[in-house]
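Take the two lone chains and join them into the complex the hints point to.
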Amino acid sequence: SQTIHQWPATLVQPVGSPLSLECTVEGTSNPNLYWYRQAAGRGLQLLFYSVGIGQISSEVPQNLSASRPQDRQFILSSKKLLLSDSGFYLCAWGLEISYNEQFFGPGTRLTVL
Amino acid sequence: GDSVTQMEGPVTLSEEAFLTINCTYTATGYPSLFWYVQYPGEGLQLLLKATKADDKGSNKGFEATYRKETTSFHLEKGSVQVSDSAVYFCALSDMNTGFQKLVFGTGTRLLVSP
Numbered sequence: 001s002q003t004i005h006q007w008p009a010t011l012v013q014p015v016g017s018p019l020s021l022e023c024t025v026e027g028t029s030n031p032n033l034y035w036y037r038q039a040a041g042r043g044l045q046l047l048f049y050s051v052g053i054g055q056i057s058s059e060v061p062q063n064l065s066a067s068r069p070q071d072r073q074f075i076l077s078s079k080k081l082l083l084s085d086s087g088f089y090l091c092a093w094g095l096e097i098s099y100n101e102q103f104f105g106p107g108t109r110l111t112v113l
Numbered sequence: 001g002d003s004v005t006q007m008e009g010p011v012t013l014s015e016e017a018f019l020t021i022n023c024t025y026t027a028t029g030y031p032s033l034f035w036y037v038q039y040p041g042e043g044l045q046l047l048l049k050a051t052k053a054d055d056k057g058s059n060k061g062f063e064a065t066y067r068k069e070t071t072s073f074h075l076e077k078g079s080v081q082v083s084d085s086a087v088y089f090c091a092l093s094d095m096n097t098g099f100q101k102l103v104f105g106t107g108t109r110l111l112v113s114p
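Heads up: the sequence lines are chains A and B, in that order. Taken in order, the first sequence gives residues 1 to 113; the numbers are from the working numbering. Taken in order, the second sequence gives residues 1 to 114; the numbers are from the working numbering.
Where hints are given, some of them may not hold.
Going by beta-carbon spacing under 7 Å, a handful of chain A positions derived as facing chain B [unchecked claim]:
{"no.": "1", "residue": "Glu-26"}
{"no.": "2", "residue": "Leu-44"}
{"no.": "3", "residue": "Leu-90"}
{"no.": "4", "residue": "Gln-102"}
{"no.": "5", "residue": "Pro-106"}
{"no.": "6", "residue": "Gly-107"}
In short, the hints are calculated from the structure, not lab data. Ideal Cβ positions, reconstructed from N, Cα and C, are used throughout, including at glycine.
If we strip away everything but chain B, and leave its shape as in the complex, we get (with noise of 0.2 Å):
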C-alpha cells in the first residue's frame, strides 16, 4: 500500500537557520501532497500542498516541491523562528480506494531556540 516516510527527530536549530525536513513517499499513480504541521496541545493545520509533480507548495515561509523522479516532498524554509516550533507532518491523498484517504507519516519534531 501507499506509505510516508519522514525523517527522525527531534530536528533542533537555532532561530534564523535553515530548515530540511525530508519526506519521501510510495504511492500507486500519482497522489496528492501535503505537508501539516501540529503546535503543542492543538490539532492539524494545512502549511501546504502540491497536486501534481513538479508543483511547489509555499506557505509562511515554507516550501515544499513535488518530485516525481525521486518521489520525494521535502520541507524546507529559508531562516526558522522559535514560533516555527511544532510537529511537522508530511502525508498523501490515497484514491486506491475510490475515496480520499490521507497517508501520514510519523511527523517530525522540530525545536528552534532563541
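Bound conformation, chain A alone (with noise of 0.2 Å):
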C-alpha cells in the first residue's frame, strides 16, 4: 500500500532563517506531487506540483521554492522566511489518471516568530 511521509511534524523558525521541509511517498511510482500550504482558519492554496523529476511548476509567486531529487521526494525550501510563511503545510500525491484523487501526508505546522 501506498504511503507519505511529511518531517518535521512541527517547526518554529525565526524570521530570515531558512526553510527545508521533505515529504516522501512509498508504494507508488512516478506520482504527480503537490505542495499546499493552508493558512489559519482557511483553505488550501496550491503552491508547487510536479509531474517528474526536477520539474517544479509554481501556482503562486512567494518566497519559497520547490524541488523534486528524487521520484518519490520532494522538498519545500526557503532562504529567509517571513512572518506570512507560518502555516500548515500539507504534501500530496496523486496518480496521472483523469479524475482520480489526491492522498495527503499528515502536515506540518510552520511558525514564524
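Structure representation (C-alpha cells):
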C-alpha cells in the first residue's frame, strides 16, 4: 500500500532563517506531487506541483521554492522565512489519471516568529 | 477559472442530528467532485467522491450526489457523532491545464456536542 511521510511535524523558526520541509512517498512510482499551504482558518492554497524528477511548476509567486531530486521525494525550501510563511504545509500525491484523487500527508505546522 | 463555494461555518449540532453542508461549484467541462475531511492537527483524508453527473458518493454514513443541473455536491449524514467533529472540504478536479489539480473550497468546521 502507498504511504506518504512528511517531516518535521512541527517547526518554529525565526524570521530570516532558511527552511527545508521534506515529503516522501512509498508504494507507488512516478506520482504527481503537490505542496499546499493552509493558513489559519483558511482553505488550501496550491503552491507547487511536479509531474516528474526535476519538473516543478509554481502556482503563486512567493518566498518559497520546491525541488524533486528523486521520483518520490519532494522538498519545500526557503532561503529567508517571512512571518507570512507561517501555516500548515501539506504534501500530497496523485496518479496521472484524469479523475483520480490526491492523497495527503500528515502535514507540517510551521510557525515563524 | 474553476471555483468551489462552501457554506460558512462553524456548523454546530447535537449528537444524532441531521447534517447538511452545502457545496456549489463553477467549472468548465465535467469535473470530478470530492469531499475531504481534516481532523484536528492532521492532514486531509478523502471522504467520498463522484466522477460524473448523478453519481452518489458514500462513506462512513456520509453521502453526496453530483448534481450537474444545480452544480452542487452537498454533503449529508443522517445522524452525526461527536467523532465527526472536523473540517470538511469540498473540492473539484480541474483538468483545464491538461494536468489534474484540485480546487478546494474554504472548508466548513463541524462541531458535534454530546
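message: Hint compliance check: list the failing hint numbers for this structure, sorted ascending.
response: Failing hint: just 1.
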